[in-house]
Structures are given as structure tokens and as C-alpha cells.
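Chemist: So the protein lines, in turn, are chains L and R. Using this note's numbering, the first residue of the first sequence is number 1, and each one after it goes up by one. Using this note's numbering, the first residue of the second sequence is number 290, and each one after it goes up by one.
Wrong hints could be hidden among the right ones.
[Unchecked claim] Here are some of the chain L residues that sit facing chain R, going by a computed Cβ distance under 8 Å:
1) Ala161
2) Cys203
3) Ile206
4) Arg224
5) Gly269
6) Gly282
7) Met288
[Stated by the list, open to error] Here are a few chain L residues that sit away from chain R, every Cβ distance over 10 Å (derived from the structure):
8) Asp4
9) Ala34
10) Ser50
11) Asp69
12) Ala88
13) Asp90
14) Glu94
15) Ala114
16) Pro159
17) Ala171
18) His182
19) Gly209
20) Thr214
[Stated by the list, open to error] Residues of chain L placed beyond 12 Å of chain R at every Cβ, according to the derived structure:
21) Pro81
22) Leu115
23) Ala212
24) Glu213
25) Ala215
It should be emphasised that the hints constitute simulated quantities derived from the structure, not laboratory data. Where a beta carbon is used, it is the ideal one built from N, C-alpha and C, also for glycine.
2 protein chains.
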Amino acid sequence: MSDDAPAFARVAVLGIGLVGGSFAAALRAREMAARIVGFSPGGDAERARSLGLIDAVATSPARAVDGADLVVLAAPIPALPGLFGEIAPDLGSETLVTDCASTKKSTIAAARSALGAAYPRFVAGHPIAGGERRGPDASRADLFEGGTVILCPQPQTSPQACDTITRTWRALGSTVVRLEAHEHDALYAEVSHWPHALGFALCAAIASGERAETALRLAGAGLRDTTRIAASPAALWADIVLDNREAVLECARAFEHHARAVTDAIREGDRAALLECFELAGNWRRRMP
Amino acid sequence: MSDDAPAFARVAVLGIGLVGGSFAAALRAREMAARIVGFSPGGDAERARSLGLIDAVATSPARAVDGADLVVLAAPIPALPGLFGEIAPDLGSETLVTDCASTKKSTIAAARSALGAAYPRFVAGHPIAGGERRGPDASRADLFEGGTVILCPQPQTSPQACDTITRTWRALGSTVVRLEAHEHDALYAEVSHWPHALGFALCAAIASGERAETALRLAGAGLRDTTRIAASPAALWADIVLDNREAVLECARAFEHHARAVTDAIREGDRAALLECFELAGNWRRRMP
Chain L
1 MSDDAPAFAR
11 VAVLGIGLVG
21 GSFAAALRAR
31 EMAARIVGFS
41 PGGDAERARS
51 LGLIDAVATS
61 PARAVDGADL
71 VVLAAPIPAL
81 PGLFGEIAPD
91 LGSETLVTDC
101 ASTKKSTIAA
111 ARSALGAAYP
121 RFVAGHPIAG
131 GERRGPDASR
141 ADLFEGGTVI
151 LCPQPQTSPQ
161 ACDTITRTWR
171 ALGSTVVRLE
181 AHEHDALYAE
191 VSHWPHALGF
201 ALCAAIASGE
211 RAETALRLAG
221 AGLRDTTRIA
231 ASPAALWADI
241 VLDNREAVLE
251 CARAFEHHAR
261 AVTDAIREGD
271 RAALLECFEL
281 AGNWRRRMP
Chain R
290 MSDDAPAFAR
300 VAVLGIGLVG
310 GSFAAALRAR
320 EMAARIVGFS
330 PGGDAERARS
340 LGLIDAVATS
350 PARAVDGADL
360 VVLAAPIPAL
370 PGLFGEIAPD
380 LGSETLVTDC
390 ASTKKSTIAA
400 ARSALGAAYP
410 RFVAGHPIAG
420 GERRGPDASR
430 ADLFEGGTVI
440 LCPQPQTSPQ
450 ACDTITRTWR
460 ALGSTVVRLE
470 AHEHDALYAE
480 VSHWPHALGF
490 ALCAAIASGE
500 RAETALRLAG
510 AGLRDTTRIA
520 ASPAALWADI
530 VLDNREAVLE
540 CARAFEHHAR
550 AVTDAIREGD
560 RAALLECFEL
570 AGNWRRRMP
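Using the sequences plus the hints, can you model the full thing?
Modeler: And the structure:
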């Protein structure tokens with residue numbers, strides 16, 4: 001446990017998929033939580049307990065947060081408004097609340113309308129972590145090491161709450177970056193939500209074509225990398241792109257402009273136009289760390 | 290050297306980038322070539338010699354192939370017709386010729402019109418290997434291990450020539466698959482050429498947007514994988530998609546149909562339609578080895 005790492009007596013994790021399970025595992029590995037209680041509507045919490053990721057399974061979100069000094073929501077986006085409403089009456093007067101959702105404007109709006117007096121102790125967060133594997137079995141105590149976590153504190157957010165959540169993620173190995181919620185949503189529409197939609201569309205096109213089987217057998221490493229995100233949980237991503245609809249559609253428009261320029265250049269045999277686009281893309285991409 | 294591996298007295302490699310350099314390195318590592326001579330219009334052949342990938346640098350394609358029992362063309366697509374023409378008069382009566390180009394219909398047409406009596410000893414090939422690094426310095430003797438090589442022999446192709454080229458690639462660790470040239474071009478338009486164009490277009494859209502710099506810093510692993518191919522050599526890929534224009538445009542149309550279905554579903558909040566597309570895509574993608 002690093003000197004600056006917070007220590008919690010009781011942590012409630014609501015939603016125990018890859019992210020919730022990994023958060024619990026990471027806290028335990030660093031001895032930052034004396035007790036971790038989990039809740040999930042299906043069997044994930046039970047599975048997480050048998051894997052040793054959490055200490056106990058709560059029968060409801062309200063029971064999970066009872067007596068907790070930290071509550072982490074790691075449930076799918078559509079479940080969040082209901083969860084905020086269910087836990088609000090049972091949050092202690094010092095309890096910190098944070099979340100891990102991929103969109104922030106709607107999460108913050110849901111928290112604001114449901115949490116009441118606890119809202120200043122809610123710190124909206126988004127660990128940039130995930131993958132095509134899901135559930136407690138995919139959880140890893142090192143998932144957040146070397147990663148980035150975006151926090152979107154609001155004017156009402158207590159600086160102390162924000163500081164504790166920041167130190168928690170740093171103790172788990174992540175760099176913490178603060179963004180405005182609308183800026184977060186626009187940025188991740190561009191670098192994550194729309195690229196996921198695109199990856200799904202590309203695979204759907206190949207899967208619907210007459211070469212779907214041959215393609216599986218003979219595609220090279222390029223396609224495997226390009227389409228890895230299409231193996232991500234479909235429902236999770238449908239909910240993300242729908243929740244961030246406006247920003248994602250704006251990315252779709254910008255992309256279509258460039259995709260059209262590319263197909264026009266191919267059709268017209270315009271090598272110079274094609275090169276201009278490919279070089280712009282490559283010069284940007286090669287700067288990615 | 291495996292029992293079935295051919296042994297060559299003199300191999301000429303025309304074009305010494307990642308693929309040509311790796312082919313030379315792989316032959317040497319397995320002692321399958323007594324002498325390897327390279328030609329490239331720039332300094333790549335000289336660099337390959339100083340790296341020990343080849344034994345000697347020829348001053349022209351014709352000199353490179355003089356006395357060679359195997360000639361491998363690993364030059365960019367636009368250079369191939371000229372190379373076939375330059376080497377044709379100097380090919381020996383037993384010399385085998387193969388190539389590594391990403392498109393096969395145009396390569397075969399160029400070989401047929403230029404090689405004359407040597408055409409039956411030309412075996413059109415395409416190792417499914419590459420990457421964003423290029424040039425002799427990126428060459429690796431194990432590039433083809435565990436990979437796939439497509440061969441497209443023609444009715445005129447000598448079975449013995451095809452057999453020797455097949456055993457050569459197998460000795461380098463690749464699985465050899467035979468396809469009709471038009472089937473090859475349609476398949477790789479779908480699983481490689483169009484996905485590359487798409488990856489470039491996606492990066493061009495982000496690079497042209499107002500968040501280009503933040504995106505570099507805050508994008509997650511998903512975008513890094515999805516756009517890796519956009520770091521590939523721009524000119525090489527411009528030439529590939531232009532050479533395979535018809536097939537690539539057909540893939541663009543199929544893709545646009547699915548991309549439009551996705552954006553329509555997002556706009557209309559049609560979760561069921563989105564899920565149907567994402568699940569079709571994911572179910573296919575998860576079957577990829």
C-alpha cells in the first residue's frame with residue numbers, strides 16, 4: 001500500500017463484471033479495503049466471492065452500501081439511474097460514491113437527480129480499461145496499472161471526495177485526468193464509441209458476405225487487430241453508443257466525410273488524394289504512444 | 290533445413306523491404322540458398338547486404354537474375370510490370386519466378402505479357418505478412434513462421450514450379466493455400482485492403498478534428514489496436530487499393546450498408562437493430578482463431 005493510498009473499512013461494488021471485479025481485486029491486492037461487499041443482479045457477485053475477489057455478497061444494492069465508506073458503481077449504463085435511486089436512502093453521511101461508466105453526462109445527471117444530500121460526495125469516473133473478455137473470471141488485480149482514469153468532478157463535488165477518489169485510482173496504478181463531462185463524452189465518442197460501432201459494422205459486413213468462412217481462416221493479423229473490439233460485449237456497447245448518441249453521430253458524420261473521400265479517390269484513381277488522406281492518418285497514428 | 294526444403298544455388302530478390310528482406314533472412318537461416326543477390330532502386334539492397342541478409346547487391350534487375358535459379362519479386366505493385374520486362378531476357382531456362390504482391394490478377398497479367406517462355410515457371414504468390422514497420426531493418430527470419438501464403442497457379446503454370454515454390458514457403462514455416470486469382474483479390478479486398486482504407490479514414494477523421502492531440506494522449510488500447518494498420522506505409526497501401534479497385538469498391542458498398550444501418554439505429558434509438566448487428570459481428574469475430 002503506497003503512503004498516499006486511502007484505506008477503506010468497507011467498500012461496496014455494485015456490478016461485478018470485468019471492471020468491478022478487477023477494482024475489488026486491485027483494492028485487495030493492495031490491502032486498501034478491510035471488507036469488500038458486492039452486489040450483482042445475476043450470479044456474478046457469488047462467482048466473485050468464490051474467486052476471492054470480494055468478501056461477501058449483498059442481497060440488494062441498499063444492503064451492499066449499508067455501512068460502506070466507498071461505493072463503486074460498475075454496472076451497465078442502463079442500470080445506473082435505478083441503482084443511484086436504490087442506494088440513496090442508505091448512504092452514510094461520509095460515504096464516497098464513484099462510478100466507472102463509459103459516458104459521463106448521463107451518469108452525472110442520474111446521480112444528481114437521485115443522490116440528494118450525498119451528491120457532493122459523488123465523483124464521476126471512467127477508467128479507460130476493458131476488453132473483449134467479461135465477468136468476474138476475467139478480472140485482474142493489475143487491470144488499471146499503467147492506465148488512465150478520467151474524473152469529471154462537478155461544481156458541487158466536494159474537493160475532499162475528489163481527492164480521495166483520485167488517490168485511490170493512483171494507488172491502483174492509474175494516471176488520473178480531469179475533464180469536463182461534455183468534453184469526456186465527445187472525446188470518447190471519437191476514440192472509443194464510434195470506433196467500436198465501426199468495428200462491429202466492418203465485421204457485420206464480412207460476416208454477411210459470401211466469404212465469411214474463408215475470411216476467418218485466411219485473414220491476417222491486421223484484421224485481427226482491427227476487429228478485436230467487435231468481440232466486446234454487444235449489449236454493453238449498444239447501450240454506450242445509444243447513451244452518447246449525439247456525440248457518436250457527430251463522429252459518424254466526420255468519419256463519413258473521410259470515408260467518402262477515400263472511396264471517391266479509389267473510384268477515380270486519384271492516387272494523390274488517397275496519399276494525402278493516408279499520410280495524414282499515418283502521421284497522426286505514428287505519434288500514438 | 291527440413292528434408293523437403295528446396296535448395297537454391299542463387300536466389301535473386303528484387304525489392305528488399307520488410308518482405309523481401311525477411312524472405313532472404315529466412316532462406317539464409319535455413320541454409321536454403323548458397324548465394325542471395327538483391328536489387329532495389331534505392332539504398333535498401335546495400336543496407337540489406339550490410340545487415341547480412343543478402344550476399345551481394347546487383348546494379349540492375351537483369352544482373353540480379355543472371356544465373357539465378359529462383360527469382361523473388363518483393364517490390365511495390367507499380368514496379369512489377371517494369372521488373373518483369375527487365376528480367377525476362379535474362380531468365381535462365383530453368384529459373385523459377387515468384388512474387389509477393391498483395392493483389393494477384395494484375396500481377397499475373399503483367400507476368401503473362403512480359404515473361405514469354407518463362408511464364409510457365411512463374412508462380413503468383415502472396416505471403417500474408419507485413420506490418421507497419423518497413424525496410425530491411427524490420428526484416429525477420431521468422432516473419433513467415435506460422436503464417437499463410439496464397440499461391441495462384443495458372444493453367445499454364447508448371448506443376449513442378451508450383452511444387453518447388455510450395456515446398457519453399459512450407460520450409461519457411463508457412464501454410465500454403467491455393468486460390469483462384471479473382472477469389473484471392475476479392476477475399477483480400479474484404480479482409481485487408483478495405484479494412485486498411487477504413488483504418489486510414491478513421492485516423493484521418495480524428496487527426497482532422499479538434500481533439501486530435503487529446504485523443505493521442507487519452508485513447509485506450511482499443512483504438513491503438515483498431516488503427517494499427519493506419520501506421521502502415523501510405524504509398525504501398527494507396528497502390529494496393531487502387532490496383533484492386535473494383536473489389537475494394539464492392540467491399541466499400543457492403544460496408545456502407547452496415548454502417549448506415551448502425552448510424553440509423555443510433556439516431557432512432559433502435560436498440561434491437563443495433564444489438565442484431567453487433568451480435569452478428571461479435572459472433573463472427575469470436576470464431577476468429
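Chemist: If a hint holds in the structure, say so; if it doesn't, say that too.
Modeler: Hints, verified against the model:
1. Ala161: violated (23 Å)
2. Cys203: Check passed: Cβ of Cys203 (chain L) comes within 4 Å of chain R, closer than 8 Å.
3. Ile206: holds (6 Å)
4. Arg224: holds (6 Å)
5. Gly269: holds (6 Å)
6. Gly282: Holds. Min distance 5 Å.
7. Met288: holds (6 Å)
8. Asp4: holds (23 Å)
9. Ala34: holds (31 Å)
10. Ser50: holds (26 Å)
11. Asp69: Correct as stated: the minimum Cβ-Cβ distance to chain R is 29 Å, above 10 Å.
12. Ala88: holds (27 Å)
13. Asp90: holds (31 Å)
14. Glu94: holds (31 Å)
15. Ala114: holds (22 Å)
16. Pro159: holds (23 Å)
17. Ala171: Holds, since 20 Å exceeds 10 Å.
18. His182: holds (12 Å)
19. Gly209: The assertion about Gly209 (chain L) is violated, with a minimum of 6 Å to chain R.
20. Thr214: violated (6 Å)
21. Pro81: The claim stands: Pro81 (chain L) keeps its Cβ more than 12 Å from every Cβ of chain R (closest is about 16 Å).
22. Leu115: holds (26 Å)
23. Ala212: violated (6 Å)
24. Glu213: violated (9 Å)
25. Ala215: violated (5 Å)
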